[in-house]
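Protein chains in written order, with the numbering used here: chain E, 39 to 416; chain R, 13 to 338; chain D, 134 to 890.
Hints in this document: simulated from the structure, not taken from any laboratory.
Do not take every clue at face value.
[Claimed, not checked] With a cut-off of at most 27 Å between alpha-carbon atoms, the simulated BS3-like pairs for lysine-lysine come out as follows: (1) D:Lys657 with R:Lys120; (2) R:Lys185 with D:Lys507; (3) R:Lys234 with E:Lys298.
[Stated by the list, open to error] Just a sample of chain E residues kept apart from chain R, beta carbon distances all over 10 Å, derived: (4) Gly167; (5) Gly251; (6) Glu301; (7) Gly353; (8) Ala370; (9) Leu384; (10) Phe388.
[Unchecked claim] Covered by chain D, according to a simulated footprint, are these stretches of chain E (three or more residues, beta-carbon under 8 Å): (11) 132-146; (12) 173-184.
Think of the CB as a built atom: it goes at the ideal place given N, C-alpha and C, for glycine as much as any other residue.
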Amino acid sequence: MPVILATDLIVYALALSAAWFAVKTRRDGNVRAAWLELRRRRLAMISLALIALYAAVALADSIRYRDAAQGGGYSAEALSLLDRAASGLRTRAEKTYSAPFSGRLFSKESVELPDGRVVRDYPALKYPGAHWLGTDKVGGDILFASLKGVRTGIVIGAGATIVVIPFAIFFGVVAGYFGGVIDDVVQYVYTTLASIPGVLLIVAFMLLFGGRGYQGGLISEKDVALAFFVPNDRLFWLCVILGITSWTDLCRLIRAETLKLRELEYVQSARTFGAGGLRIIYRHIVPNLMHLVLITFVIQFSGLVLAESVLSYIGIGVGPEMGSWGNMINTARLELSREPVVWWNLLAAFIFMFGLVLPANIFGDAVRDALDPRLRGR
Amino acid sequence: MFSYIVRRILYAVPIVVGVNCLTAALFFYVNTPDDMARKILGEKNVTPAAIENWKAGHGYNLPAFVNAKESGLGTLTQTVFFQKSAPLLWLDFGRSDRNNIDIGGEIKTRMWPSLAISVPIFIAGLASELFVAMMLARWRGTLLDLWGLVASVVMMSVSALFYIIGGQYVLGKYLMLFPISGYDAGVHSIKFLVLPVVIGVISGVGSGVRFYRTVFLEEMGKDYIRTARAKGLGEGRVLFKHGLKNAMIPVLTNVVVSIPFLFYGSLIMETFFSVPGLGNFTIDAIQSQDFAIVRSMVYLGSILYIVGLILTDISYTLVDPRVRLE
Amino acid sequence: MKDRAVRGIMRLARPAACGVLLLLLVPGCTPNNPYRASERGANIFYTTFSEPPKHLDPGRAYSSDEYDLIGQIYEPPLQYHYLKRPYTLIPASAAETPGPVYYDKNGKRLRPSAPAEAVAKAVYEIKIKKGLAYAAHPAFAKTSGGAPVYANLTPDAARGINEVKDFPIKASREAVSGDFVYGIMRLADPLVECPVLPILEKYILGLKEYGDALRADLAEIRRQRKEAAGPAYNQDTDERERPIILDYRRHKLPGVEKAGAYTYRVILKTKYPQFIYWLAMPFFAPVPEEAALFYAQPALAGKNITLDRFPVGTGPYMMDTFNPNMEITLVANREFHGETYPTEGGAGDLEAGLLKDGGKPMPFIEKIVFKLEKEAIPRWNKFLQGYYDNSGIGTDSFDQAVSISAGGRAELTGAMKAKGITLTTSVRPSTYYAGFNMLDPAVGGYGERARKLRQAISIALDFEEYIEIFNNGRGIPAHSPLPPGIFGYGGRAEAAIDPYVYDWDPARKRPVRKSIEDARRVLKEAGYPEGRGADGEPLVITFDNPWTGVDSTPMINWYIKRFKLLGVQLENRTTDYNRFQEKMLKGNFQFFSWGWNADYPDPENFFFLLASSNGKVKYQGENAANYSNAEFDRRFKQMENMDNTPERMGIIAEMTDLVQRDSPWVWGFHPVAFGLHHRWVSNVKPNAMANNTMKYARLGAAQRELLRDEWNRPGWGIAAAAAAAAAVITGGAYVLARRRGGTAADNRGHRPCSPTS
């Protein structure tokens, strides 16, 4: 039985739009030109490949289903393709910390010998050498935890923007095209939202909506609508509020661009031919805004991924059972004060995060340059 | 100019009111007074009588928005919303929910440690970003430029948390060059400030350099620069004399709006280094769910934002006489 | 012109730069020293607090971090003996430990062993010491005419005053019985919001009525003020400008009587032997009325100068600076009536050198500095650097500090021993448990089926493992609610183990947890073979907890893992604390985890957590599992008012058997506190009940200074190398600038918009 979380929709939307762009590059001349421009940059292509790899992991981690339980019904565990593919990593848990590739636990424990004597030694691992990035406090594999963090990173980076794109386009276009009172109202709304300090707005919102949402782990029937959909997803709410705090830039940009487009000749002539406002917006204005949307999307991506770790630090990030790099960093802070230091958790989070954010930054720059050189410096 | 400022301030009023209503609605919905009382009264012996007593003592025993028991104006004023939120409009922050401290007084004292850490970060950060950016722009197209850019992209791809954790570990614990954390009043604070300031500057330098470099490059492409160059001025002089001056507008847009926020401190920096500033205050309030404080800080933040916008506009006229405000 | 300006700046800059360098270098050669140079060698104890204390009002403070402070300042009538175990009460501000006198309803005096039903009145007559004096405080300052100096302060007069010590004139006065009586009356004041009032109301004669009367007075004053102000009335603003002072003399409180300047009586409605423990809590410390009036001035409240922040007590220390965002310092109270270090202690104290100061006047330490330290890492590191004198041990620094020796005893690691650090351990009078909702149809109830289900889960939740993973072995697995050190604790003897969860290993003479196969078998008997119910559906149990923070994920995963061994699915429902509380109150949960810290070392304070009269859902009490067993309740009623006799022991054993069979809780564990202190600190013995322990501690400040310098040799060499490397990079930059680069020119920057920046 498939299970779809609200945030899975974001990943699907991301995958679909990627596919749509792929088709577009063959059909649409403008897009093709921009793509060819991008193709010339080796670094951007390497970055894209890396991002695609991450996205593939996220997609694999977003297709999940529940196995039928014995005697009818379904298991409460909805394992994703990733969970199933990496079931070795997932299930081979140790007791507690062990260093990468190590064959023994990291801390000594009292081991009772058969004669009743107790000695203190490093116990052997159940699966020596199997943990390439070590294990965490309860013996979970760090590599697996990092892989689980991929989906969270991608969802937050992409989701926040995807969730608000329709609203930003709608309000921006409407404000720019119709002007007057509507414009004033829209401007008022986004200035008001922008003036509230982001973190505090996020905190209030997450306390309001996020507390009761699904946070990973086992699925209860109460959460599930229509037998497969989980609408109340904490991560989804996080995307929504991150979107709300970051949509003003996009909305402002779109409004300004619409103001300009409205005065263009072909729009004016369409109007004289009697085309209705909505039709003009749909046919002539929105398509000419898409590059702005795309640019904002790629540029916000990396900042949002980084923001997740900070939010987890404050304690309003992703729930404890949904793997995330932010949670890993948060745990790692304490591990650093151990002596000897438990460094692998932090290192793994760092590498995985860096491996996504760096390509995202490079690719974001390249996309902007290819699509709209005027926007440099924004 | 004066009338413009007045007009801007008047325009800010509805925004401030909007923020006020929005936060009040959000926070009162998040936490009903009963929740608040239970949380604050602790784990043991929380009886209904104790909850009622707490609510009465803190003015939370009123209805949220409309008080039907009162007549006339009282129906609106004798409500939690009006009693708790409206005084914010005239900057009366009231008392905190949890320990009855006067929030206004607390903000006044905590502002200074925040400034002590944020102003040096701001100045040193801006100076180093501008300097490096200018160097890169001066030698654009060289390997220096290339590696400088690579370094800044790499630096901005690292979460600020890594910088803090790493800096504390290496400089504080391992090399023992600085106190790991803490704060002291007045001139004694200097030794505590070095480490957070260094880390603050480093964590911001990547994105700053990239941004300002672009700004400078854009200016370098303009006609007047070419003219200046054609006159035979050296590249350095062109850059510093003309480039910097004309790049001021985009720089200001970026910078001035953040000046008022220096008061606000930095949430994470302050908690990690135990600096008793406003950022720390806010985090404490969030963690102990003292919404009177959080509400005040939200409100203060939006006012600072609006002040920043107005300051930005004014600063334009100061650097560029061509910009007139009306 | 320009040059002159530059030179002027240079002239100013040079001393400033020197100053900065000096500041960095002056405290020895330890630039990481967080303290001022003037504090070198001073008799100052450095420790920390992790969050700002919320309340320091003796009528309101109730948490251990608050007691760490006010325990040193306020002096209740009694205190716990510092060294003796089991915990023994001895006089503090009282002259002797009072014994209750019981009367029946006809006023006839009864024997001390009289049954609780016969007792209609229990009178505690408390004689206080003569010569108790409050620490110097501006509230006591009087003009020559006898009027307080600082009454009706105007905002102008209060300018420049940010703390109590900023007032130039201070005075002291003797604390007399009236202050003790006043302190008790304050507890009923609704403005004080005393957290234990609901409990005390049950016992102290007339306290409930008195509190109600004061509450009515307050409501009436507020009503009148509101009427006068009309719709513009704002309670917050109004009471900030005109604080309300309730008149305690308008009503009579029959439960407290003053009997002369040095004697007062507290009268209880019932026999309640545990009351004596309450007399060791700051709630019963003397409070001067002058202080309450002094602080009720609007000019001070606006500056956050209140009794809730600046205590006025008779104890060995007084508040010096109170900056809860940074540091709180206490200094020795010059007016302290004097107390000497105990001359006798428990077993082994003499050998441990804990008695060598016997008979010497306390306190030994001149000043105590509490620094705010929220993060565990900096705190631990500063302890190792010698900048804090004591420390707890976080789980993550445990391996660094402690190793368990072959005999299973905790011992410091070599690195710690080399530093001369000392380890102290003590079992805390508290318990962490996981409970079932006894009202729930699936896991609750008293039938055989539900009982077996709970027992199976109790076996599966292997708290030995839990303690090992999450507490580094710092805990004692529980067999009943009672922790060690409390009367009635059975120890690890065969008769005391929980026979439903443990087997007795006669060879090793200790309990052994039943195996997971046993648990599966019990679960099968309960009707859930392999975790499935009669319908074949897997059993799903929801788990409510308010956990946040770093350890929450692994802890929840551990629970899930253990349940999975039974084939039962545990569904995690982590919520914020508020919602957790709400769910508990409504009984909307199945399985939860909670803890309890004892108020006083008596079994009643633990067993009442399972008494049905304390049911959370029904009576909003502390019985969160909503356990209700008439047999248990009957014995509880009997046990609660008994003295510690063998008979009481017998009843406790019966009660323990009952709850072990019903298993409303999975007995978790009793945490063991590990503390560390440096070699220059002496007279340290952990005492889980006493909160006024600072006065006993002693410090070798000179030795500390030497060791700090030795331990903090900065890595100048590496720093210099790093600086050199930076210089090389800069030089390299110059070289790079001469070479043409690749595509960089058109690869331009942006400012990422992060919502949290």
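**Study point:** Assertion that E:Gly251 lies outside the chain R interface [Cβ separation over 10 Å]
**Key:** Consistent with the label, E:Gly251 stays out of reach of chain R, its closest Cβ about 14 Å off (over 10 Å).
**Study point:** Status of the stated non-contact between E:Gly167 and chain R (beta carbon gap over 10 Å)
**Key:** For E:Gly167, whose nearest Cβ neighbour in chain R is about 28 Å away, the distance exceeds 10 Å, so it holds.
**Study point:** Non-interface label on E:Ala370, tested against every C-beta of chain R at 10 Å
**Key:** violated, 8 Å
Review point. Given the hint that D:Lys657 pairs with R:Lys120, does the C-alpha gap stay at or below 27 Å?
Key: violated, 65 Å
Review point. R:Lys185 and D:Lys507: Cα distance at most 27 Å?
Key: holds, 17 Å
**Study point:** Non-interface claim for E:Phe388 versus chain R (Cβ beyond 10 Å)
**Key:** violated, 6 Å
Exercise for review: Decide, holds or violated, for the assertion that all CB atoms of chain R are farther than 10 Å from the CB of E:Leu384.
Suggested key: violated, 7 Å
Check your understanding: How about the region 132-146 of chain E: do at least three of its residues have a C-beta closer than 8 Å to a C-beta of chain D?
Key -> holds (count 4)
Check your understanding: Taking a Cβ-to-Cβ distance below 8 Å as contact, does the region 173-184 of chain E have at least three residues touching chain D?
Key -> Coverage by chain D holds here, the residue count being 4 at a Cβ distance below 8 Å.
Practice item. Mind checking the alpha carbons of R:Lys234 and E:Lys298 for me, to see if they're no more than 27 Å apart? Key: Holds: R:Lys234 and E:Lys298 sit about 24 Å apart, inside 27 Å.
Exercise for review: With 10 Å as the threshold, tell me whether E:Glu301 passes as away from chain R on beta-carbon distances.
Suggested key: At about 23 Å from chain R, E:Glu301 clears the 10 Å cut-off, so the statement holds.
Review point. Should the label of E:Gly353 as a non-interface residue stand, given a Cβ cut-off of 10 Å to chain R?
Key: violated, 7 Å
Against the hints set out earlier in the document, violations occur for numbers 1, 7, 8, 9 and 10.
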